[in-house]
Amino acid sequence: MVSDLPLLSLIIWLPIVGGIVVLAASRGGNDNLVRKLALGVSVLTFVVSLPLYGAFDKGTAEMQFQEMATWIPAFNINYHLGIDGISMLLILLTTFTTVLVVISSWEVIKHKVAQYMAAFLIMEGAMNGVFAALDAALFYVFWEAMLIPMFLIIGIWGGARRVYAAIKFFLYTFLGSVFLLVAILYLFFQSDSFSILDYHALPLSMTEQVLLFLGFLLAFAVKVPMWPVHTWLPDAHVEAPTGGSVILAAIMLKLGAYGFVRFMLPITPDASSELDWLVITLSLIAIVYIALVALVQEDMKKLIAYSSIAHMGFVTLGFFVVFGIFDQTGNVQGAALGFEGAVVQLISHGFISGALFLCVGVMYDRLHSRQISDYGGVVNTMPTFAALMVLFAMANAGLPGTSGFVGEFMVILSAYKANFWLAFLAGTTLVLGAAYTLWMVKRVLFGEVKNEGVANLKDLNAREGVVLGSLAVLVLLLGIWPAPVVDVLHSAVDNLLQHVVISKL
Amino acid sequence: MEEQLASVSFQVPDMTPALPEIFVLTMACVILVVDLFLTDRNRVITYLMSLATLLGAAILTFSLHTGETVLSFDGSFISDSMADVLKFFIYLVCAAVFIYARQYLIDRQLFKGEFYVLGLFGVLGMMVMVSAHSLLTIYLGLELLALCLYAMVALQRDSGIASEAAMKYFVLGALASGLLLYGMSILYGITGSLDIGDIGAYLAAPGSSDNLALMFAVAFVIVGLAFKLGAVPFHMWIPDVYHGASTPVTLYIGSAPKLAAFALVMRLLVEGMEGLHVHWQDMLIVLAVLSMAAGNVIAIAQGNLKRMLAYSTIAHVGYLLLGILTGVTTGYAASMFYVIVYAIMTLGGFGMIILLSRAGFEAENLEDFKGLNERSPWFAAMMAILMFSMAGVPPFLGFWAKFAVLEAVVRADMVWLAVVAVLFAIIGAYYYLRIIKLMYFDKAEETTPLTSGTDMKLVMSVNGLAVLALGIYPSALLALCAGAMATFGG
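Just so you know, the sequences run in chain order D and F.
Per the working numbering: the first sequence = residues 1 to 505.
Per the working numbering: the second sequence = residues 1001 to 1490.
For reference, chain D alone in the conformation it holds in the complex (with noise of 0.2 Å):
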């Protein structure tokens, strides 16, 4: 029953067209009610996206909740959707996600309430639809019209540099989405066709998977984002206001992952194989190079960019580290693990950066400062605060029993089949990550109480405990118990996989 409704067009078009009417209502200048309206959309289109996992067929590959329809005749471009297990989880992210950033934006956001809530809300449906989508055109204009929100969030409501960031975070990911544009135009011409899945089964010859395979990495690189295009991501997270710093971190970096998945890795498989060290050399850099960046940093929010950058790289390793195993064990299974490995660490970075940087918003709304040097000695103040923040340093720094550790380990277990010195590499990040993370911790929340300021915060009020208290369950949750979600990915990771293998040359 539930199931016969468009349950994806919903979760797409929902928040978009409430953005909307919270936009006609802010006529009447009353901004509680705008607030209202909009935790009543979003927390409607997150009720909406549950039975996603309730009614999900764990036992196929096949795309589920498929809904197809046509849109452009003249290009084949069909208003095609579905899902499978990877999308689906990355889709109840997005809807939940959602939900915590309109409460955590509830009081601290005084000007222009409804073009915030819109922006937010219309992001949530351009997201979802980028997960959602299976044509490859479909999926580029969800890809590009989330930018629209994202960088006007920016630039509104940011820091003070927020013109230079906003601009920066637009210009970065423009110039990597083209080159996706004219692969995909290249696929079409090749094949008359903009579904992914007819993609998936065409035949290509080496040197146009590996120009296919450049253009899809510098569209999904810049994204993700990985060494050397990073550099748009600690700009945008430090001048972004909380809650898009929730959304960059939380699912924006995830749908440059989701690109590696649905593009790069089934479309040009040769190409992939071929230059996999290029993206480990890249991941291990972010892993071990950008790792050490993050020590030195003065800012919070610039601090757990930095570790975004990190932990993405193990998304990207465990995507890639597939070949090397593959190569020495000529098993696919074996693969398999990194593989969803990689996935449960993007759904697991959802939650703890999204965590942290609410973490980071707490502290800002009370004493206007990002600055480690400004804080010290918080615990005092704020106990229920620091032992959730401390949680979810933890988790971020991999600890066992929390969802961070679940997908590093799959990872790095799996890349010690590949090759010794590629774990190695990658297990500094225990090290490197627990190094940055708790000397934050540290420095902000032990200690002698520094100054005036801290001495008379407050500890956390009721909506930010809500908010931060929900992670901390799923943090440990996953941790603990990860089967349900590593159940659903296990049929759409094989099927993956088996494309990854077979060489389409």
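No wet-lab data here; the hints were simulated from the structure.
Don't take each hint at face value.
Stated by the list, open to error - With a straight-line cut-off of 25 Å between C-alpha atoms, the simulated DMTMM-like cross-links for lysine to aspartate or glutamate are:
hint	chain 1	residue 1	chain 2	residue 2
1	D	168	F	1367
2	D	168	F	1442
3	D	112	F	1367
4	D	504	F	1413
5	D	112	D	365
Based on these hints, arrange chain F on the given structure of chain D.
What follows is chain F alone, placed relative to chain D:
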């Protein structure tokens, strides 16, 4: 010669296909006379009659539309799908121009009959260009339009900058017409015919293109066309004219005539000289790349919005040429789609300048858009839609225009050209984003509310929303263009 003379019949040609042209001509003359008897207070009658003329012409064109290709006036006039579609958009765009211009003209004591009469004669010129099927008719339409435009630029008699722009436009325009005419005369000399169909047949014959003189003809014709379109390196007049003319005139010059210029390219290069495609393709590639590069890069340095949009026009012309140079039907359709989309977006862009202007104040500097989101969130959103659309960001209409031409280029196996095009699109995105930045991220210096009339605000909203709505559902417009181009190309 004698044979040709003998074939000229002295029967009255079939006037039916040209009824819209005849109607517009008659009405323009009637309005000219009626306007003489009106006082400034009643001038609104001229305005309404002009709009009625465009509406009547649209109804005539629509009711005469058969989808068939009909030749008349001994083959020198053609009525086909492309002509009908383009004419329809010419009426639509010009009607919007007239509506946008009204309040602006009243505020500046420019609300005279001449603007509308010249505007209608210009429409007639465009209609003739679109439907011309002989070198003579083409030239006739072109000059009728050009002369109206020169006069319209000079309409602000006391403005030095406008007079300078008019003079510059006239001299360069005349030069371009001369070059085009020169190319046409060589073409006539070689093929022995003025009729586009005959020229096309002559050049399609194998071996007919091995002729040095023919290369000169192609080169001259392309130079002339590039002048009219405003492709680099023949773009010099665009920024100065756009800047110098009063904004409603800029709006007029920048929008509908590009539709007619597109038709001109289709008639001359495609219908007439498709046999020489290999030769003109290379020339168009050079023009397209230079236009995209120069237009997008120089636009960044502009502080005046009209000049910025002028350079953005030049860049758009580069993208427009991409579809044509592929030399296939789908490419032509993509270009036609691009030019229509361009006209709609430009209309909105310049319309916005008029909307922000008021008596004694020209909102033509970028700074005038500062904090527009504070003053009017609705129109800031409309402008944002237009700017994102021009930058080619989905889901707006401008994205599909770029999508279509890039698709055509990739299909023609010129992926490198597509890559060049998208690289310049990124550079272009910067200056469009800057407008958004001014509107949304900066504080308003000006707090006066917008004073424009309701008609203007309504059309402006429709214009902006159309860019969004057509972007979400571009199928119908794409199909219209594909249908109109079905008879072109092999």
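Hints the structure fails to honour: Those not satisfied: there are none.
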